[in-house]
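Got two chains here, each in a separate frame; can you build the complex from them with the hints?
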Amino acid sequence: MSENREKKVREPLVHLTRRSIMSPAKAWGIRVMAVLLGLLVCGIVAFLLVDKLRQNPGRIGEFYYTFIKGSFSTPRKAWKFFKDLAILLCIALALTPAFRMRFWNTGAEGQTLMGIWGAIAVAFYWGGKIPEGLLLVLMFAASLLCGAAWGLIPALFKAKWNTNETLFTLMMNYVASYVVAYFLVVWVPSGSSNLGKLKYGKLPSLGHDYLLIILVTLLLTIGLHIYLNYSKHGYELNVVGESIRTAKYVGIGVGKVIIRTMILSGALCGLAGYLIAAGLDQTITTESVGGQGFTAIMVCWLAKFHPLGMILTAGLVTLLDHGAAQISQDFSVASDFPDVVVGIILFFVIGSEFFINYQLHFRGHEKEGSVK
Amino acid sequence: MEKKLALQMRGITKRFGSVLANNHVDLDVYEGEILAILGENGCGKTTLMNMIAGIYYPDEGHIYMEGREVVIRSPKDAFDHRIGMIHQHFKLVDLFTAAQNIILGMEDQGRYNLKDVNARVREIAEKYGFRLDPEKKVYDMSVSEKQTVEIIKVLYRGADVLILDEPTAVLTPQEIDRLFAVLRKMKEDGKSIIIITHKLNEVLEVSDRVAILRRGEHIATVNTADTNEAELTEMMMGQKIDLNIRRSDPVNVQPRLIINGLNLYDSERVHVLKDVSFTAYAGEILGIAGIAGSGQRELLEAIAGLQPLESGEITFRNPKKDKPVTFFHKSLRRVEELDREHAFHDPQGKEISFKGMSRKDIRKWVDSGEVLFKEDEIIDLRNKNPLEIRELGIRLSFVPEDRLGMGLVGNMDITDNMMLRSYRKGPGGLLDRKKPRALAEEIIQSLQVSTPGTATPVRRLSGGNVQKVLVGREIAFAPKVLMAAYPVRGLDINSSYTIYHLLTRQKENGVAVIFVGEDLDVLLALSDRILVMNGGRVTGLVDARSATKEEIGLMMTRTESREGGEAHE
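So the protein sequences, as listed, match chains A and B.
Numbering follows the numbering used here, with no gaps: position 336 of the first sequence is 336.
Numbering follows the numbering used here, with no gaps: position 526 of the second sequence is 1526.
This is chain B alone, in the form it adopts within the complex (with noise of 0.2 Å):
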């Protein structure tokens, strides 16, 4: 079949400053194909989609439509061209209707009538297969339908030449299919879908080209059929990549933090986490698998002191070894405790009891520092502050989601931002940086972070070299728990494999990690085991040795049958 040219760029650059996010990029698309634009994060695929959706203007180049130049300015232009974009951010009100939020904004409407898009909705939803009530008020839908109502506003308008921006990133794998069909049945159509990924095998699995950008550039399109994932990443990267994640089997593991009947509830009263229980062992990844907002975030900010909980215990533990007693940190009626406890030895290991001496002699005995004692350091994390939970002495290392806006400070350089957690450390009201300053020097050295120095605020180095910066500083103060969400998020393909060794690194110091991450593929290649949320629930525990993604997928929507007795798709 002859196909028959719906959308041509010619020589599309696009400057940000210094930057330059698209140079020079030729590109087709053809009527009734799904075209897949792969790349790095970074690489201008967003860029360069917002420049046809009408959210940018070219610097330089053209836009040719049925062989006609064409001028888009605003969002508006594209649509009189029939270009739609879903964006990976949705911009739905919460308190109107899929049909009230599809017809939003548009002209020329006529009449208003509910009662006739509804009907449209419904015809547009059953032709292409979507599943879609459009009667639904949006604070009432799941992630995937509210993605539905994305796809079908673009639709309803005419749309030819649909652009989906990340559009599995939120979905599971069962979600994913069902996108998947329905994006082959509106190709049948006729309509040109473009989709922005970064993930092979997706671009493998339902593309028929791909087109690849790196660092601005395009620098092919070839026929998915014709290549292989290998191809496609020595195209992506430039370089050959090893993809394999190493992962050591976890040794001598123990429990170090116990999270108990967990219940948290946000600041509008949201049951955010309802009876959350399990343990982190030390020498050991734990993974959090989960739809976004299943509670992932609240459960680490919880442990990290930064929520006030409703119910539940949070138990550290961290097994000493043997230690001489001193009278520094025990007074003399705790010894007198302990003694009854059978708690001490001799360096030899055999037991020592003070039954029935004086305190004159037992003090006398305990100064000499042959007396030793096992203590299991058991300390209740529940309801402390951050600073706290430090002062007890406790090395919990956090890497939130949001890097500059909680992690970080991005105005300040990353000097200030090492002190962030130590600025309190040594005497008087003024500041030490030469520590911090040392460190910072350390961290752009042995992470190789690119910045021009340890002077150049964070918020204006690359999405990698910040959560480089964040994971280093947190790695830097040898934690006992290491706590990281979406650690890769954003990260081009080197650095997330930086993060994933560092964090396998830690576990085979002992430190007990717990990794929320959003790809199954990594998830599954990087954990231990997988704890699986969903809204707000532990809804399984698995092995991740063992497990498989459609497996975690299921827990991932599944909902206790128990509980409202709601069955889910």
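Extracted from the complex, chain A is given alone in its bound form (with noise of 0.2 Å):
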């Protein structure tokens, strides 16, 4: 009878303690091992939704391939690659100091998109009547103004009635994308809102069209990296960000540096969209970030906030967006289907974080005494 009672009340099957540090070689092999687990998990997935796959299972290695083979297979898709790879961390980048500061900026959509707004709407009014040189300055100087406009206004309210900065900024797209709309309909006589390619207001080439936009992002990651933590304006966002309260014991003005932080965060989003409209498009559409605001997001926080990490999470985020498209088109399935396999993929490697904080005990391996 004893026997019985005991069954009932049993140990828990699975309980969790907080790992202490781990080495940090192990940690990067949870990660690896994340990023693996979640392929395999693709591939299963990928067996069950494409036809062509379960027609013909053989071809599992070239799905595989088929991720490297949508970035590098030709020298092309390797300049579209780090483009876009430039381009999503320079907005990646321009959130950073800001979520230094814990302030979560969701506006970076609407930072960049203003950031464009502002040189199209230079080039459109002024193109051909003044240099082209000057023109460029001018564009440039309106896309910085133009984001960082976007990112004070929430700042402001911030640091005056502590509103909540993540809903702000996120309203804060909207209006950009409609301030857009608004503009379109009054630039384009047809009412077709289609402003087609402006003549003038274009970066030089480097050679190679993408070079100039590249070179910019990697100088601005070391840029960033040097100002969030060896300058002076950068400790202090950092204080900020970890406690307010710290940051008043010692005499920091806390809505100073938000205000500060926000400009900057704004007008680096103004610099990714300058880059995408004198660098790339010379046109604005509503759609002309195309969710890389949100994408940067979590680039960011993937690479917890540092510039220099973020050029190897932006570079994985693109690297899949690339392969998947590239799986969609040659196993012929819905346009869907990559978001599947992106997601798949990055829920493993976040994922993977809870195993690297913690550890899982399960019931019964405790009673030889070993922990590992």
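Think of the hints as simulated: they come from the structure by calculation, not from any bench.
Hints are supplied without guarantee of correctness; some may be wrong.
Simulated crosslink set (SDA-like; lysine to any residue; CA at most 25 Å straight-line) [to be verified]: (1) A:Lys304 <-> B:Glu1391; (2) A:Lys256 <-> B:Gly1410; (3) A:Lys232 <-> B:Glu1391.
Taking beta-carbon pairs under 10 Å as the criterion, some of the chain A residues facing chain B (in silico) [what the hints assert, rightly or not]: (4) Arg19; (5) Asn229; (6) Tyr230; (7) Lys232; (8) Gly343; (9) Gln359.
FRET-style restraints, in silico, Cβ to Cβ [unchecked claim]: (10) B:Phe1477 <-> A:Arg19: 34 to 42 Å; (11) B:Pro1075 <-> A:Pro24: 31 to 39 Å; (12) A:Met33 <-> B:Phe1477: 46 to 54 Å; (13) B:Phe1096 <-> A:Ile350: 34 to 42 Å; (14) A:Ser193 <-> B:Lys1434: 57 to 65 Å.
Ideal placement from N, C-alpha and C gives every residue a C-beta, glycine not left out.
Dropping the structure here:
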């Protein structure tokens, strides 16, 4: 009988304990494992969803190869890979100062779009009327100003009335989108809202059209790394992010730092917008940023707000994106399939952080008294 | 009388990451006894008890009740086994009455009948001698009443084993006596009481047996009657230690910080400081006593420039020695004004007067450096923020109560925390980490901070080491005023004594030290004078060399009879 009683209340099946600091090598090992596991699950899902694969399981190798192929099979694709990486990285870098300050700026999409709008507006009104060099400078200034303004507005409200910045910046995205929609109606008399490529205001090509964008982003990465880790401003915003009470205790003007940092964050989004407007598109639609303002949030988080790490995370996201697009093309599946693939892999990458921080103990394993 | 075992723990082990919080602890608890769990902060007392109360689950080991093994996975399991724990931080709903809080979360109540509950609560209170009105709302209660609610909550659920985690930390001496009386009554009723504490005198006063824990290990369990303070300390520390605080007599005291009629409202417009006036002298330690939340924190924050004042004055005085006048610091007009006040003298001390001299001659004389003056530097600190205070050249150091949330940044390393006060120094926009790193190394060495290095985030350090880093930084700037709020809270005995010695040394260097403490024994041993606060008001100022604990305890609970006419128990 007593046997039965004891069965009733048993040790929990799994219990969690927090890990002590894990060595970086082991932590990276877990992350790499997570990506591999994610790829494996992708394969299984693909097998279930993709007809061509189910009919011919031998093509599974090709399936994985396509990930690489999507980005690197031709020089053109490689250039496009680095260009897309650079734009995504640039927006993610723009978010970094704000995120380090624990100011959850979800408005990169709108800030970047306003950056594009600023440049295009200058090119639209003054293109051909003033020298091309001056036009480019004015476009640059307009992009930075518009982006900064879009970052400044929520910062002012946060600093003065402590409004919720996440919702505020998110809503500003829609405002930006409608501003652009409005001007497209004003600028395009036909009413098609299709502005077409502008003739003026194109950044010079340094051998390759994308090279300048890549170089600017690279410089920005290094610059921001220095700003955040070695400058007084960077130190202040880190303190504000860690603890507002500590910041006040040492006399840091919290409101001032919030406003200054959001001007920077917005202006850098504006810079990304300038690169898109003057370096690539030379036109604008409401979809010119294409959701990269949101993808950048993930890129920034995955790298734990470290500018140099963002080169890797932006690379991973871009690689997945291009690879998945290639898969949908080569295996003729619905265009939603790439999103499924990217989602699965990112789920594993983000999930792996849990196993870096916590350890699971299973029932029965403790009896020997060994803890790994 | 043959005692019955209530609870047994065998081989209990708990790890947090690489930290071994409890290592194969064996413990017996009998019915009808008060067992004290004694040990320094961080020795695993609370962790061990949390495993009986269902907060943590042990990694290894077994718990037996009445000879049968039990598995306690949650506080609910603990209650099912008639175990209840009263935590250090109360978990009550402010807007509910005592009785509502007591039945909160209880299942199979049947009909919700508050009248019955009130009656039952009264019955329990009467039985053990608690003073509690079941219909009083929690927001109207004192800390001691809240604690009573927590204890009755546990009794109401029928607990036979009661665990109290540091129950006396927040109470006045009188309240402590009352609590102990109640505990004794419960013991006579056959309950097992476990009290977690690190205060030796309380252990000796109230307990039947003492279990001593050191670094997660169970050292011994002894009968209280057979032991004494010295033996317990030795078991607790693993070595003999001198528990006397060296107090030097103040020399050359002079007013340094004059607080006059301070009134302060917090963000919810609660009047937290009421007409507070006192003077802190250079060369003495002014202790501030009071029940937690009597305005001590707000007072220090107001002085440090962190709280906007409603009214009152904060004046800083820094008498300077003879100093040559220069036109770098003073305008010609100011010199003429000072001359009319007979402020100037020559190196021999003879008064100098510029009366009737031309401006050109005055200039020439002053530039010779022969014109000296005495100046009392008197600076109004009212409504200046910490940065402005520092820019005025006032070295005011502040060790706040909330170390990692205010004094330091937990995620930053020791070097970066050293820079908090000084990072603005130096030209250009880039940081200079060289000096802060040197300072970090110096503090690690001189205060024996145990850390892998200067690059370790401070939140990874133990409580004592965190405090050494903070106090070390605040002292490093050679302060004129040093304010410390609960600087030894959560520290082990050795670290506490390090801090006491540091404060005493600052006092001897002519610093005005303000020390907010909770342990009256320490306040009496360390301070020169003690200011007592209650409800945002100063209710007493005593000489620490002659005052008694009881006297201060009364002041801590005294309310101004003029004000409300409310008689306090």
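message: Taking the earlier hints as the rules, which of them does this structure contradict?
response: 1 and 8
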